[in-house]
Amino acid sequence: MLAPATIWLLAFLLLPVASLLAMSLAKRGPYSSVIWTFTWENFARALDHKYLTVLIRTMCYASATTGICLVLGFPFAYFLSFYAGHRRETFLILLMIPFWTSCLVSIYSWIIILGRAGLLNNFLLNLGVISTPLGILNTPFSVILGLVYFYLPFMILPLYSSLEKIPRSYIEASYDLGAGTIQTFSKVTLPLALPGVFAGCILTFVPCIGDFLTAEFLGGPKTYLIGNLVQNQFLMAQDWPFGAALTTILLVSLISGVYFYQKLEAAELERA
Amino acid sequence: MTKNKGLAAFCASIYAFLYLPLAVMFAFSFNDARRNVVWKGFTLKWYGSMFHNAELLSALVTTLELAIAASVFASILGLFASYAMTRHAPFKGRGIYSSMLSVPLMMPEIVMGVGLLSFFVRVHIPLNFWTLACAHAMIALPYTASSIRARLLSLKDSRLEDAAMDLGATEWQAFYKVTLPLAGPAIFSGALLAFTVSFEDFVTSFFIAGIGIVTMPIKIYSMMKFGVTPEINALACCLLLLTVVLLSSQKLLAKKETQS
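Each protein sequence line maps, in turn, to chains L and V.
When the count follows my numbering, it moves up by one through the first sequence with no breaks and lands on 281 for the last residue.
When the count follows my numbering, it moves up by one through the second sequence with no breaks and lands on 1039 for the last residue.
Chain V on its own, in the form it takes in the complex (with noise of 0.2 Å):
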């Protein structure tokens, strides 16, 4: 019973460490101070002028446009791949393909980054909105293939699809109306994460992102470089607010998912 109390203590105290920054974050923004680091009072004006920073609101816009299209990318190239890995035969070479996958995840972004960055430039591809959407949707595309393959797995054992087959439904129309609608659920728990993704990326969109696209951590990027403003803190737990909605949610979602 000691020992259970002394890991229960430890386990808080790495807690604590994990929460220290949070907790710093979320009490300076509420700091009537333009140097950050002293304690001057309480004020709620930086949630205000946030709000009226031109910039920070384009940002939070772009951030989020990419974020969509990088998800609904991330989520069809997914969702194809897991279909063609879980119900066509057997090809060679499959189990290279499908920890091919999850090669981004392994890889250090930097190298992603510098990677995408000299082949663009050097095959002449422009560097835009579009680009740095694709580039995102691979960083994402983990996420949202091994989630789908899951629920494609073991939809083929229920064996609905080969059901529906038999009473006469084209491949096509199996797939348009017997797996589609039973694995949307785990569609849209990949793309929320492929969503979080691509909103917290801050490293590929670094190197790639061309001239005049500013996303959010780009934003927070330079403002910590050049003259930081107190606002960062009050952004940044409106941010936090909306990863934990976003994660939350997919959490439920995957729970009912494994219910169902």
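One chain only, chain L, in its complex shape (with noise of 0.2 Å):
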């Protein structure tokens, strides 16, 4: 009954990423060809000025949206979960609803917004608070934003879930006890809704880091990400290897990065 999933798992998930980081290691032959020798230039070339600059930029874009995602999301889910009452359920839907409508189409409204002579800058004109258009888009704040907008469900669902999960009664023994409002926050509270934050921290994170397609629209080649790049070395320039090399670190940085995180997580429940 485990074969189908098994040889699924195997010709569409281990062996890819296998063949990946094989290729990683061997050298870019005329064409998309490969060359299959041992060596480490592709990852050399990778930390080269160029590039190292694009992996720092798509780790710090990935950071700030991670934590705009925890801010916004936080409140949101702490409502929803405490205060929305037999709602949340219609609530929850009309969250889900922004989040499967194809992100294309989504990338192609906020370039109707936030276009030179997009609706926000109109807007702004008309109220008199601009005399010139901005340049809002191509920006880092525009590529953010839509990071944001993209991946905000990701973060509120498992806070929500998690929020969900505390039971009331612990709040209103805190309460009974004499606690304050920040101080059940800050000591009843967040510290149980902690393993949603991680989740949805990493939920976010992730996705981030292999998004290529809100800086290919929202952004442009000062704003590209890591995933740029590697679309760019599969489908335009063909040094698949070097393309290889550039997802392998993409993935250790990400395998890495949870495993950090599940650590801190086990640390900080440990504590709490």
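By construction, these hints were calculated from the structure, which means they are not laboratory data.
Glycine residues also receive a C-beta, built at the ideal position from the N, C-alpha and C atoms.
Please note that the accuracy of each hint is not assured.
These stretches of chain L come out as covered by chain V in the derived footprint (C-beta under 8 Å, 3 or more residues) [said to hold, decoys possible]:
| id | region |
| --- | --- |
| 1 | 11–18 |
| 2 | 86–96 |
| 3 | 108–114 |
| 4 | 218–226 |
| 5 | 233–246 |
Dock chain one against chain two, each of which comes alone in its own frame, and use the hints as you go.
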């Protein structure tokens, strides 16, 4: 009974990843062919100044997005869990609808909104707040805005489910024992919601690192992320080994990031 | 109470942020202008021309076929894997195996995309409709597996299968006559999710769709890259409607499931 799923896991997950890892150590041949030698050249090149900037930028954007999503998502999830009452189902579905819309179409709408002759600029010009259109598109701001837009639900859902799991009697007990609102929040609610915070951070950070559509349409070459580089190497430059090395770096940084988070979570939970 | 109000206002503004692009998309699908950013007046012509655009229609058909194939594959895979994991004796590494099944959820899709591309090209597997459908089944498998497994676990507690086998049914008969009908709604609800995942997928299709396979998201991508037409907005509204219908029926099914 396990055989079909095992075959799938092998053919569509494990072997592809293994082939990427192997290829990252090979050399580029003419066109998109690969010469199978053992070399660290691709990795050395990836750590070259030009590419290292993109790597660092990706990490910065992903961290900023995760932070913003946490700040926006926590009060939202808190409201949903504690104050929304019987309407929470409806609220959750309302949260999911934009998330299930094709992300390409949302990007397209954001271009209409943020563009130089776009809705936002027109609105501000008509109000007289600005006299010349602002260049909002193709800046770090527009890319991070797009990332926050796409990955906010990934933060909210785990936060919400961990807040839902907190027995309400604990919070009442804390009030009964004389703790104030802030004390109850910081000593009872927040520590109990930590697993959700960690899960939300991972679930937001991971897709951010691999994103390339947002930077392609809402940003420009100056805001390209590692995903754009990978896409470029595979589809334009046809340097697959180098693309594989970049992907490997992406994967390794992800796995170590997740590992680090889990360690941190375990330590934090032990303390709480 | 004031804090409550403040929070409510905050949530309302988050919803406004999330729905702003959808509202723009909806409004501009009625905009009578080729260049999309300026409002020129009300028209329904994009909805009309959309249905006469042969390329768009064939992309829609491809996407639907792909989503059906992928959701069928993902359901069968999910059913078999869940059955093995809940009914058979625990095997070594079962924990690792079940977390392997959810890896596609955690992996950035671009890694899947380039990994599949490089692997398939190296071992000379043709990039056609069926390879893409199988790859979509892999991305959708975590959704079907988790939905079906939850149901099978609760069925196991009810011991109905044990009763059937005590009454003389073979394991296969118990599976076919008891487990399958009872797990049916869960399988269907997982399949609906899988369908949506495949229907919306851009990244994986972008990398491994061979020449000649144009799905809807790929078509939208190339329309955005090279000369946009406002038909995108009209099309997106229809797709959104379809997604909402699919997801709400999935939610309803899941709700029924928990009630029974």
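Results of checking the hints against the structure:
1. 11–18: Per the Cβ count (6), the hint holds.
2. 86–96: holds (count 4)
3. 108–114: As far as the region 108–114 of chain L goes, the hint holds, because 6 residues have Cβ atoms under 8 Å from chain V.
4. 218–226: Check passed, 6 qualifying residues.
5. 233–246: holds (count 5)
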